[in-house]
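Starting from the given sequences, assemble the full structure and let the hints guide the process.
Chain order of the listed sequences is A and B.
Residues in the first sequence are numbered consecutively from 0, following numbering that gives the first Met the number 0.
Residues in the second sequence are numbered consecutively from 0, following numbering that gives the first Met the number 0.
It is possible that some hints are incorrect.
Only part of the chain B face toward chain A is listed, based on derived beta-carbon distances under 10 Å [what the hints assert, rightly or not]:
1. GLY6
2. LYS9
3. ILE34
4. LYS125
What the hints contain is simulated information worked out from the structure, not anything from laboratory work.
Ideal Cβ placement from N, Cα and C applies to all residues, glycine included.
Below are the chains, spelled out letter by letter.
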Amino acid sequence: MQYLEFKISCLEEYREILISELAEVGFDSFLETDEGIDAYIAEDLFDREAYQAVIDQYVEAASILVKEGMMAKVNWNEEWEKHYDPISIGDEVYVRASFHAPKIGVKHEIVINPKMSFGTGHHATTYLMLSHQLNVDHQGKRVIDIGSGTGILAIMAFKLGAEQIEAFDIDDWCVDNGNENFELNDMHSVKMGLGTIREVNPQGQFDIVLANINKNVLLDEMEVYGTLVKSKGKLLLSGFYEHDIVDIENAAAKYGLDLQAKKTKDTWASLIFEKR
Amino acid sequence: MAKEITGYVKLQVKGGQANPSPPVGPALGSKGLNIMEFCKQFNARTQEKMGQVVPVLITIYSDKSFDFVVKTPPAANMLIEAAKVKNGSAEPNRKKVGSVTWDQVKEIAEVKMPDLNAFKVESAMKMIAGTARSMGITVSGKAPWEG
Numbered sequence: 000m001q002y003l004e005f006k007i008s009c010l011e012e013y014r015e016i017l018i019s020e021l022a023e024v025g026f027d028s029f030l031e032t033d034e035g036i037d038a039y040i041a042e043d044l045f046d047r048e049a050y051q052a053v054i055d056q057y058v059e060a061a062s063i064l065v066k067e068g069m070m071a072k073v074n075w076n077e078e079w080e081k082h083y084d085p086i087s088i089g090d091e092v093y094v095r096a097s098f099h100a101p102k103i104g105v106k107h108e109i110v111i112n113p114k115m116s117f118g119t120g121h122h123a124t125t126y127l128m129l130s131h132q133l134n135v136d137h138q139g140k141r142v143i144d145i146g147s148g149t150g151i152l153a154i155m156a157f158k159l160g161a162e163q164i165e166a167f168d169i170d171d172w173c174v175d176n177g178n179e180n181f182e183l184n185d186m187h188s189v190k191m192g193l194g195t196i197r198e199v200n201p202q203g204q205f206d207i208v209l210a211n212i213n214k215n216v217l218l219d220e221m222e223v224y225g226t227l228v229k230s231k232g233k234l235l236l237s238g239f240y241e242h243d244i245v246d247i248e249n250a251a252a253k254y255g256l257d258l259q260a261k262k263t264k265d266t267w268a269s270l271i272f273e274k275r
Numbered sequence: 000m001a002k003e004i005t006g007y008v009k010l011q012v013k014g015g016q017a018n019p020s021p022p023v024g025p026a027l028g029s030k031g032l033n034i035m036e037f038c039k040q041f042n043a044r045t046q047e048k049m050g051q052v053v054p055v056l057i058t059i060y061s062d063k064s065f066d067f068v069v070k071t072p073p074a075a076n077m078l079i080e081a082a083k084v085k086n087g088s089a090e091p092n093r094k095k096v097g098s099v100t101w102d103q104v105k106e107i108a109e110v111k112m113p114d115l116n117a118f119k120v121e122s123a124m125k126m127i128a129g130t131a132r133s134m135g136i137t138v139s140g141k142a143p144w145e146g
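Quick look at the structure:
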């Protein structure tokens, strides 16, 4: 995928106005520079006519000059990914990249080369989900990981003996990365799929449903999770703050999901629910 | 000892929708920051401002860690919303596209106060009225300080 780049120089007092107007025509993020703003948009979302109308509107008043360019999608997180440290979750789990040395004697070793996908174990939410998973019996179970990112939670499920695993993400970049990570961990039978849970529409019910996403998505999809979890099955959630627990718990209760366990770290929270 | 600050990045990103594509990815990635960590935090912290452009100031430290402060939405956005117009005017001096009341200007000024270099709400209101003028939005009626 290509991104179009617009380096826009303009009068200071018009910077915010241009940001507001360009946001209305599909741009979603901007870098503020000394000269004005840098605006980017994915090529397939770009509406040249709408963009030009905004620029024409302010070109004189704001003394606008634009330099257009193009940028290919690459791994912008590469710099961080070159140097990060491996991480242990208790005594049992060790998450490392290919460039780290293996750790002898650890029960579950997970190898993740993240390539701009979320889930290396460093973020509190991933850490909490992994530690919750250690307390849930995965042996022979059917598991689904929603918003899978690097695939780390699905890999954990595999290491804990899950028999059937499904995983999805809405980002094609994550799907490619997740599948690479599955291979690195000898999970040859699992293929990460692309889409939201509603688009993917998984068939049947699961013993364990995993979702580390964010509050808005979790609330929106709770009804679906409720139908996916078997009776006495578990739903593990994270991606929200401690102060959001009440909202998540209330939403889950509507679909027959009772709160069973709670963990928090650095103001983030992770919950386990059981289906009635 | 306090961590050494190596730089700042100012972005404006739609609430709850940060992702590693440009400009977030290249701006933070080139400084060695973990972009995915920023996106997760930003999206959680701005979940109530879903879809609204939110200014964010990121402080970068020498150990590649970061902090960020979420600022109030741009005045221009709030004016467009308050005036119920689609966008500003091509010729703000001659062609007006809409109007707002001084009460609305005051409401916006009060929201924006923490980010403006203004100690009094009156000064903030004057700044907001200035932005409105630049967009061809008039402020109807007399300013409160005009009596």
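Status of each hint after checking the structure:
1. GLY6: violated (13 Å)
2. LYS9: For LYS9 of chain B, the interface hint holds, since the closest Cβ of chain A sits about 4 Å away, which is under 10 Å.
3. ILE34: Holds. Min distance 5 Å.
4. LYS125: violated (13 Å)
Checked against the numbered hints given earlier, this structure breaks hints 1 and 4; the rest are met.
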